[in-house]
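These are the residues of each chain, in order.
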Amino acid sequence: AAGLCPCWVLLASRRAALRALCGSVRGLAAGPEMHFGFQTVTEAERREKIYQVFENVAKKYDVMNDSMTLGLHRVWKDILVRKMNPCPGTLLLDVAGGTGDIAFRFIDYVRSVRQRQLQRKLKHHQNLSWQEISETYQENKFKSLGDSQVVVCDINKEMLKVGKQKAQHHGYSEGLSWVLGNAEELPFDDDKFDVYTIAFGIRNVTRTDLALQEAYRVLKPGGRFLCLEFSHVSNPLISRLYDLYSFQVIPVLGEVIAGDWKSYQYLVESIRRFPPQEELKAMIEDAGFFKVDYQNLNSGIVAIHSGFKL
Amino acid sequence: GRAYPSHTELRVRDEGSGEEEKGYYELYPEHIPTSPLQKALLAAGSAVMALYDPYRHDMVAVLGETTGCLALPNLRDKMKHHPEGYRILQERPRIRLSTLDMARLRVLPDGSLGREYVRFLEDNKVSPDTRVLPKFVDDEELAYVIQRYREVHDLMHTLLGMPTNMLGEVVVKWFEAIQTGLPMCVLGAAFGPIRLSARKLKILATELVPWAIRSGHNASCILNVYYEQRWEQPVDSLREEIGILPPP
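For the record, the sequence lines run as chains A and B.
Counting from 1 along the first sequence, just add 130 to a position and that's the residue number in our numbering.
Counting from 1 along the second sequence, just add 67 to a position and that's the residue number in our numbering.
Take these hints with a grain of salt, some might be off.
To be verified - Pairs of lysine-lysine residues, derived as BS3-like cross-links and limited to a Cα-Cα distance of at most 27 Å, are as follows:
{"id": "1", "chain 1": "A", "residue 1": "Lys-322", "chain 2": "A", "residue 2": "Lys-411"}
{"id": "2", "chain 1": "A", "residue 1": "Lys-392", "chain 2": "A", "residue 2": "Lys-291"}
{"id": "3", "chain 1": "A", "residue 1": "Lys-189", "chain 2": "B", "residue 2": "Lys-106"}
{"id": "4", "chain 1": "B", "residue 1": "Lys-106", "chain 2": "A", "residue 2": "Lys-392"}
{"id": "5", "chain 1": "B", "residue 1": "Lys-106", "chain 2": "A", "residue 2": "Lys-190"}
Derived by calculation from the structure, the hints in this document are not laboratory data.
Take these sequences, add in the hints, and give me the full structure.
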């Protein structure tokens with residue numbers, strides 16, 4: 131049994147030396163360096179790592195969102211859909227929409243708008259006979275969604291799976307479809323959608339510029355681009371408290387609730403690495419959008435960017 | 068010294084060295100350096116989660132790691148000052164299916180440590196490979212000590228003759244609490260019985276726990292036994308050698 135020694139100190143220092151060597155070799159070989167949280171990796175590695183993060187967190191995604199944001203994420207998403215103010219007949223593309231939060235809110239919103247429309251219509255119809263009223267009920271004029279549709283697109287199969295289960299559980303079926311796709315290369319034709327949303331997803335896209343170009347491509351002229359994302363806090367006091375909470379509490383929550391420290395460490399680091407409000411606004415303008423603007427929520431912890439394709 | 072840098076140091080270090088992976092370094096595979104605040108939050112969170120969902124063995128493990136800062140160095144010193152324990156610290160043996168020769172152990176005579184250990188694993192349908200690796204211990208030797216404690220846990224079951232149901236686990240925890248002084252064992256021993264029926268609690272209180280406490284005090288340090296070299300030794304003889312009293 132002599133020499134059975136997995137001596138961890140030796141291994142650790144050997145790894146460190148190997149890593150340094152690999153670092154320089156990596157620079158020559160596999161392509162542009164990118165950030166994965168605070169690590170430096172290649173483009174391909176980043177995509178793979180992010181895929182794995184979301185594969186791991188998919189099942190606990192909603193629980194974690196509630197615990198980390200203390201339920202605030204629901205308010206932010208409500209504000210996004212209210213800002214969108216969709217009317218019945220809107221065709222929405224929700225990218226990186228995995229578990230369906232925006233899609234479900236969109237459906238609820240459109241349904242309630244439609245209800246009000248129908249009620250107004252019925253008031254006008256009070257002079258019709260019963261025969262005529264029952265005829266209009268039989269026709270499909272009273273579609274509860276009024277032809278609105280939402281396509282949820284996500285690159286990660288696990289997230290889509292969770293989304294579909296949620297839809298089934300809550301009874302969402304009409305006007306909803308799920309597509310596996312990459313935001314940098316969308317599987318849709320040009321000029322198709324009225325609204326494009328990406329909520330807490332653009333941070334995880336490897337090539338933001340490509341995603342923005344694709345967003346421009348698939349939107350109809352007159353279409354709206356909406357992006358909900360973590361952004362930068364300028365107020366120094368709030369910023370310090372936010373940092374403290376992010377780095378000290380969130381990975382702990384990840385470990386205790388989801389058994390996964392590293393994915394949530396990645397999450398808080400990726401937020402810090404993402405461009406701030408003005409820089410993102412410039413990138414959106416570069417993609418061709420007009421009237422680009424942003425709205426800070428909670429002092430800039432979250433921001434909604436909006437742009438139009440004209 | 069402490070390996071953990073604050074998160075602000077993390078960022079500064081990253082901007083300086085483009086090529087380095089993460090600003091802080093891992094002392095051992097799976098190591099995640101944590102601040103005192105994080106350890107405190109982890110300890111509290113894992114304690115609550117372990118009580119809420121007893122199947123979260125990883126939470127029990129995290130609790131042990133984050134609260135063991137006094138008990139683990141104690142254990143390590145006990146090992147260093149004992150010839151067999153010292154050898155274990157040097158050679159760092161691991162109890163895993165890949166390192167155990169199950170076939171050989173199975174044909175050992177009944178009553179030997181190896182045979183009884185395999186019988187225990189098969190009867191209770193457990194495997195030594197399900198132990199979680201330590202993550203939050205900031206010293207790699209102490210990380211090994213806690214790893215060794217976890218891997219020896221099944222052997223404790225064998226030596227004490229306790230099954231892996233809730234009652235058996237609580238008894239082993241009492242024994243381990245006396246032996247190691249790990250707060251996680253103490254908490255487990257104190258709160259484990261909450262989920263037991265009245266009848267079991269009675270047996271626990273009147274027979275099993277007093278025996279476990281007496282054995283725990285009487286026995287020498289269980290981490291100082293090189294179990295891998297003693298598979299042929301009869302369990303009774305090993306019990307006597309360590310000082311574990313015969314089970315009731």
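27 Å Cα cutoff - pair Lys-106(B), Lys-190(A): Roughly 22 Å between the alpha carbons, so the hint for Lys-106(B) and Lys-190(A) holds.
Given pair status - Lys-392(A), Lys-106(B), alpha carbons within 27 Å: Cα-Cα ~15 Å, so holds.
Straight-line alpha-carbon gap Lys-189(A) to Lys-106(B), limit 27 Å: At roughly 26 Å apart (the allowed maximum being 27 Å), Lys-106(B) and Lys-189(A) satisfy the hint.
Restraint check for Lys-322(A) with Lys-411(A), where alpha carbons must lie at most 27 Å apart: holds (23 Å)
Distance restraint between Lys-392(A) and Lys-291(A), which requires alpha-carbon spacing of 27 Å or less: holds (23 Å)
The earlier numbered hints are all upheld by this structure, with none contradicted.
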